[in-house]
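Student: If you want the building blocks of each chain, they are given just below.
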Amino acid sequence: MQSESARVTTAQESRFRVQYPNSRQRAVKVIALDPPSAEMIDELAKKEWKGATFFRALSFASDAEPGKTDAGLSAWLNDLAGRALDLVSEVASSDFIVVVSAAGEDARSVSVIADACTAHHKTLLAIVVPGEGASDADVSASMGHLRPYARMLVIAHDADYITAMLTALRA
Amino acid sequence: MLRKEQNDYLTQTDPGTPMGDLFRCYWMPALLSEELPEADCPPVRLKLMGERLVAFRDSEGKLGLIDEFCAHRGVSLWFGRNEECGLRCPYHGWKFDVNGQCMDVPSEPAESGYAKKVKLKSYPLIEKGGVLWTYMGPPEKQPPEPEYEFCTVPLNQTFMSKRLQETNWLQAMEGGIDSSHVSFLHRGDLSTDPLFKGAAGNKYNMQDLSPVFEVIESEGGLLIGARRNAEDDQYYWRITPWVMPCYTGVPPRGDHPMHGHFWVPIDDHSCWAWSYDYHPTRALTDHEVDSMKAGKGIHVRYVPGTYRPLANKDNDYLMDREAQKAGRTFSGVEGIGMQDASLQESMGPICDRSKENLVSTDNGIIMARHRLMRSAKALVEKGVIPPGVDPEHHKVRQAALLLKRDVQYKDGAKEALKAKQGVRQTSV
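These protein sequence lines map, in sequence, to chains A and B.
The numbering used here applies: residue 349 is where the first sequence begins, and numbers increase by one.
The numbering used here applies: residue 17 is where the second sequence begins, and numbers increase by one.
In short, the hints are calculated from the structure, not lab data.
Please note: incorrect hints may appear among the correct ones.
[Claimed, not checked] When the alpha-carbon atoms are kept at most 25 Å apart in a straight line, the in silico DSS-like pairs for lysine-lysine are as follows:
1) Lys371/B - Lys398/A
2) Lys470/A - Lys132/B
3) Lys398/A - Lys20/B
4) Lys157/B - Lys137/B
5) Lys393/B - Lys395/A
6) Lys20/B - Lys78/B
7) Lys371/B - Lys395/A
8) Lys144/B - Lys341/B
9) Lys420/B - Lys20/B
10) Lys219/B - Lys133/B
11) Lys157/B - Lys63/B
12) Lys394/A - Lys63/B
13) Lys341/B - Lys219/B
14) Lys420/B - Lys434/B
15) Lys157/B - Lys144/B
16) Lys157/B - Lys393/B
17) Lys133/B - Lys20/B
18) Lys135/B - Lys78/B
19) Lys137/B - Lys78/B
20) Lys411/B - Lys144/B
21) Lys157/B - Lys78/B
22) Lys394/A - Lys393/B
23) Lys395/A - Lys426/B
24) Lys157/B - Lys135/B
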């Protein structure tokens, strides 16, 4: 008699796998940490997404203290329409956070986002895009900024990867 | 998650498919040397990437890999007589050499030249490191021979096995770059398997079940670093190389031999899981080789006379619920190779990736798929040679090491990740 394992793993039996949506839509917040990354996510945002929304960290305008803005955390993010948004509430309403950093740019503001993620038990995923002209040292510096906070750190030479990743994660 | 058309794109490797074209850019393991042990030994039939072939070693020791079926009436040449520098069909006596060239059509006068006009499809077959490799792409694009370290060290330092896996190649390969399952599925084996136990690094795997990952593109594929907390302001890093399209290396443990896999498509519903073990600087001990032959480590025991695992879907993988309950195995299946294969086969012959729910730690898998699709597209549309064809890309090593927390593994492990003749692996 055929074993159950042999029977259920046939192509014919695959059609009896129960068909239903096995997960709900996810809210993924994608935050650019620096101006080159902001340009990237501007382009990304033009695509069709299920649950991804895109932001710029306003703090990259602040040279003195990375992560700080004049209005504090309540106006820490900008959406793509330019509205100032509260970082903590955006993080709290997300399923996970993706930060994007161009290699060689100042990524230290990630620590503020990471604090919000920790407070709300959200996973932080970081992507470094080296871009043209970025040196190995630039990449290392960016990784050094992001490593303490990211559950997953990816170096993606191809900006299309962000699209592929968000799609794969059902964003 | 992949859309159905993306899943089809990545999983189909028959001739004329984009991934089929991609695979046909590389030298691929076809057979173990032991399968064609001597001149004029019995031929072996095999299927690779949806093509039925027969391999033989002729009277002079030359290797041939040709279309399985005789050009006359379509008889399988597996029934053929391997004699006098050719494989003779037993039906009407047509004979073919290692290049597929017909040498003799007994019913026609030799002077007629009829035989010269008949040729079977053939592919080069070379022997390296105990493996017979083939290249199934256009002859004018044949790359230099493979340079993976396991096939360039002396033969007494390396061991290779293969097992049939009854799934598409991609879900098998994805298991090879998915480091996060080790602390669960294989946890019982870290302290008992003779090819794993005793390594100082094992404790970090067991202490920290939530590794943090870093994925970096390499010239030939990817480097996937998994870090766990360690003492003295350090991380314990396990770094898995993936070389396109289907080579993976498992980070080493102590002075045990280093191991890893090739995942070679047979057809869209099955693949060969090749499993290598080698040590860069010393001969494998008798105990190590005996353990490998006994199915320990990443190897398996076979159904006698085959390369099908003894524990297979027909016997429910010899599921042992008592061992599972007692924690000797996490899944109830014995042996690392079959622990992986049993779960991957349970996904079905081709995993339906439209229903999966990946998480952030699956970025190694996401990135590998992305690179495969991008490379296949560039090959098909622009003729761009994909990563992993250049033998320099093969000279990569897996590594396990402790690094200060502020050191990037791409910098701190840079030398450890290079294959260097006569240099021991970097391992904890």
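Student: Each hint needs a verdict: does it hold in this structure or not?
Tutor: Results for each hint:
1. Lys371/B - Lys398/A: With Cα atoms ~16 Å apart, Lys371/B and Lys398/A stay inside 25 Å; holds.
2. Lys470/A - Lys132/B: Not satisfied, since the Cα-Cα distance of roughly 70 Å exceeds 25 Å.
3. Lys398/A - Lys20/B: 18 Å, holds
4. Lys157/B - Lys137/B: 17 Å, holds
5. Lys393/B - Lys395/A: Roughly 21 Å separates the two Cα atoms, so the pair holds.
6. Lys20/B - Lys78/B: This hinted pair is violated, its Cα atoms lying about 43 Å apart.
7. Lys371/B - Lys395/A: Cα-Cα ~22 Å, so holds.
8. Lys144/B - Lys341/B: Since the Cα atoms of Lys144/B and Lys341/B sit roughly 44 Å apart, the hinted pair is violated (cutoff 25 Å).
9. Lys420/B - Lys20/B: 43 Å, violated
10. Lys219/B - Lys133/B: With a Cα-Cα distance of about 65 Å, the restraint between Lys219/B and Lys133/B is violated, given a limit of 25 Å.
11. Lys157/B - Lys63/B: 22 Å, holds
12. Lys394/A - Lys63/B: 45 Å, violated
13. Lys341/B - Lys219/B: 22 Å, holds
14. Lys420/B - Lys434/B: Holds: Lys420/B and Lys434/B sit about 20 Å apart, inside 25 Å.
15. Lys157/B - Lys144/B: At roughly 20 Å apart (the allowed maximum being 25 Å), Lys144/B and Lys157/B satisfy the hint.
16. Lys157/B - Lys393/B: Holds - the C-alpha atoms of Lys393/B and Lys157/B are around 17 Å apart, at most 25 Å.
17. Lys133/B - Lys20/B: Roughly 44 Å separates the two Cα atoms, so the pair is violated.
18. Lys135/B - Lys78/B: 18 Å, holds
19. Lys137/B - Lys78/B: The hint holds at about 17 Å.
20. Lys411/B - Lys144/B: 15 Å, holds
21. Lys157/B - Lys78/B: 22 Å, holds
22. Lys394/A - Lys393/B: 23 Å, holds
23. Lys395/A - Lys426/B: Violated: Lys395/A and Lys426/B sit about 33 Å apart, past 25 Å.
24. Lys157/B - Lys135/B: Between Lys157/B and Lys135/B the Cα gap is close to 21 Å, so the pair holds against 25 Å.
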